[in-house]
Amino acid sequence: MAALPHPALPADSLPIEQPKTRYRRARALWLALEVLGPPPDPAALESLACFAQSLTPIVVLRPREGLLLEVRGSLKIFSGLAGIKERLSVELARRGLNCRVATAPTPLAASWLVRYESVDIADEGALAGAIGRLPLAATDWPEEVQLMLRQMGLASIADCLRLPRAGFARRVGRERLDELDRALGKKPDFREAYQAPQTLCRVVEFATETIDQAAFVGTLSDIAASFEQTLRQHQMQVREVTLAFRHLRAEATRTRIRFVDPVHARERILDPLLARIERLGLCEPAIALSLTTSRLLPLEADVPGLLSLSNAQAARTVPEYALVECLRGRFGTRRVHGIDWVAEHRPERAWRRWIDRPNAGTQPGPACPPHGRPLWLLPQPERGLTPFSPPFSPERIESGWWDGFDVRRDYHVVVGAAGERLWLYRDCLTQEWYLHGLFG
Amino acid sequence: MAGVEELLSHPLLWRGQGAGLADTPAIATGFDALDRYLPGGGWPLAGISEIFVEHYGLGELRVLMPALAALSRRAVESRQWIVWIAPPFVPYAPALAHHGVDLRRILLVHPPRKGSDPLGSDPKGGRQKGSDPDALWAVEQAIRSQSSAATFAWVREADVTALRRLQLGAEAHRCWTVLFRPPEAIGQGSPAALRFRLLPGGGPAGIRIDIQKCRGRKPRSFLL
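Chains as they are written, first to last, in this note's numbering: chain A, 1 to 440; chain B, 1 to 224.
Think of the hints as simulated: they come from the structure by calculation, not from any bench.
Quantities reported herein were computed from a predicted structural model and do not represent experimental measurements.
Incorrect hints may appear among the rest.
As the list claims (entries may be wrong) - Stretch by stretch, here's where chain A covers chain B in the computed footprint (C-beta under 8 Å, at least three residues): (1) 69-82; (2) 100-107; (3) 135-141; (4) 171-179.
Using N, Cα and C, we set each Cβ at its ideal position, and we do this for glycine too.
Extracted from the complex, chain B is given alone in its bound form (with noise of 0.2 Å):
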């Protein structure tokens, strides 16, 4: 029986109807309905979420603050770090502090890219072509070496191998890890165990989630 059980409760197995999803690892979100729709209670620590985005500053990192504070004095104790590969503007350290995150386990990973530097993008999230050969490496690096809590990427373009490549290496090594995505993606077939796109919405944090897929869920929308 013991082998029947560590089966199902195997990441790569899926179940119809959303059985066993409740043991899912997770992260409390910190905006209630969405906890209690999301298989295990929040965001899925095991396996890859893409946020698709359209424009930078609509709150697609306020909606991961709560998670992410927590998520930041959980790594000071086990020394693991929460990666940024290629974030668009810089993060800024005292806003990050005043939402409670601890900056000691934050770690900047800025790849080069063709033509511009990541630093000096463009403000309205404009939008270069071409793959991201060095950021899909460091994302996989930064899952595979087990010293990473959480990975947080910017990534244009990828194919589904790559996704695939980074959804069992999250799975295997439990890293939240979270792949920003131009709007453009979202047609794009996927692994990912969630995929939503992020829009202005109407409630009290002004943000409103579509939800795409969720794994053992329905999709639907909430404003939060």
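With the rest of the complex left out, here is chain A (with noise of 0.2 Å):
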């Protein structure tokens, strides 16, 4: 078999760049922590991480696993890590959790610990034989790799240690080169810490059970008025705001409005929700109100572009999406949409909605839709109009085989009794006249 041609590469060809370590890095030690059993769920972890919090400021967390703890800038106040580890235990107790705990001074190299043994590697020099002895399958690679590694003879990480690092990351790839060289130190590992989600919340009682539209608006305005205050001050916006009215007989009645972009202005946020309480048809009377936000999000101005407004216009500050929010606070978020049209040959795939964002259509450019088409399509083609006679030579739209929507069609232009003209089609396969459209 001939060698394919590939340019040699040199053994020495993908150094480690050697990265400007910063104390706290090159001294950090990881506490990696396990939960064993069925994975947790995504509150429990969230959870646990507050508490980890009192014993670390940073704390990672790995989603259905565990944690992950930087603890070398704790050593000291917990006196060693002993101490931390046995305030860990007697929470997890308390929790009733059974966890595993390794220590590393790399946060991949304790994540890939702490799934086959509890030890404790305090400095690097002990890290590659740590993690060598590892198999494959403490790491996180998928099964398609390791089961080539597998079959090219290769059992542990110490195997792939052992490897010229060119013809690993040409076999197996450069993020699996990247991810031993993180595991081990020699290039950075940056993880985010976990943040506990701020939000914002008002509860209101009424002195009274109470029905009135006008107290229920009075007090929205006001809460939306403190949110826009807190908002502000705080330099954040938000995406969703939950309105939840409290029943003394029932159960709350909640709805939720989501806005195009986030706000943090109080018309913003109070106009969808009068029009949604005007149509919500409560009930119950009820004896309290509650207003709670989703997490707060950095604010961010909305600059428009250098030469895209001009002052008059850049001054009128009505903002594009008010009305959108408006319309649906009152009927919902699905029943107000933006258009869109498809590069498809069937027409009633040939256009499609834009919920989330109404504006994000395509601009007009170079691609030319199609000629021909009605103004106005029926959302369902209509069965059983016959023409009498079809005056134009027909369409053929014939497509999708592909995608089990197989479509074979005639499409006609048909004047009908009152003079409107119709874009009716003759399925070829059940000879059935259909009405598609209206030229409106």
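Please assemble the complex out of the two chains, which come individually in their own frames, going by the hints.
Rendered as structure tokens:
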């Protein structure tokens, strides 16, 4: 078999760039915590992370597995690693969780080690030996990569570390090599510390049971004003609010408003809410009302392009999505949307809705939409109307055999009895006539 | 003197003989004969227009397309919407794009209707009885939000008070408001700036327009 021609790579062609290491990272110590048994649910893990933040400011979530804690800075405070583990185990026992703990100088090594054993590796010198003993299954590498490596006769991470770097990168992928480097601390591994979500919530209790809209409007208006003040002070904005009415004898009535863009202004929060409560139809009088925001997001100013807006237009401060949100407040999100056309032969698939961002459609460009299409399309082709005689030669549309929505139709433009122009087609398989559009 | 000029140009002041109508805000219709006739040289932008349609498919959208295409390009700049409220069928995006409409500014609103969904209505233009408080509310929101350049609405029943509210709002906020109404409503009094009936005709576009009312002009017909 002829060798595949590829440029010969010198053995040292993939050198490790020496990062400028900060002292803190150089002396990091990561404690990995693995929840044994069934994978913990996200809420339980977040709650555990909140506790772990009492031990160190840097806590990283490992979804469905456990946590990573950077504990070097906390060793003195809690009198060594033993003290930290002691506090952790007390809390875990209280929560009824069974866990394994391992420490290593790098986060990746710690999270690989903890899947197999409970060890403490304090310095980088011992790291390569410790993770080298691990089988390939300790990594997060995809199953096919692990299978390929096993077929090549590699069983452990040490086997991988022994291979020439360039060849390993070419056969297995550069990302895997990078992962090995990160695990050994040769490359930086930045982890985002967990932050508990911040939300705003206000509950207002009424003096008596009430169903008075005016009282709701006044209360919501006050809450929206206080939200705006808080959001401005913290330079934050929100994407979603949930309104709940509490009843004495029934489940709370909840309704959620999602904004097209994150908002912080009082009117943007209030107007959709008012449109919504007008239609809500409470079954019971309410004793209290609460408004809760979703997670707060950093405020981003809407800066118009330098050349796109004249001063007069920029001064017009009506946000474009306020109308969308107000209409959605009353009718629901899916009933207010934008449209776009799609390059597709089948007419019913040649358009689409834009729900999330109604103005996301394509710009008018070189791509040309098809000619001779009606301005009205029926949502479903309607059967039964047989034309007297189709006056024009038909347009054959035949497409879609590959995706199971096979169509074979002859489209005709037909003038109806009242002078209206109709877009009919005859299904070539069943020979039946359908009305599909009107030339409005 | 400036005060008098200001008063004379007030949109609510009606002057006989069509005087002072030349500077009515309008957008060219794309049909020369119609542009020469209509005050301001096009569809009136300040105020509502009512179109009475016997059957869908007679060209009720085609007649508006040149103006809509121009307005949609303007609306991209000003970040305004062109709102379609309760359309009887799906406004077909490839056809709109073919007419030069910028689809990014189109916003469709489907208020819930009792009995039937607006998208599932009778293809022959069958209409149910009952007023449209939701559709009228949506039209008013669209006009008063100042973020819509045009509003097209399919409204079955609307009393004079409701139409008057819309007319005043559209004049104040300069929103091109077109109401598509059933032919039965033609006998009803209305404060609209323009009212016309749409019929099949013999012109190049196959459309006949019977103007019933136009501010400052005598009613007449056009073949487009």
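Hint check:
{"no.": "1", "hint": "69-82", "in the structure": "holds (count 5)"}
{"no.": "2", "hint": "100-107", "in the structure": "holds (count 7)"}
{"no.": "3", "hint": "135-141", "in the structure": "holds (count 3)"}
{"no.": "4", "hint": "171-179", "in the structure": "violated (count 0)"}
In this structure, the one hint that does not hold is number 4.
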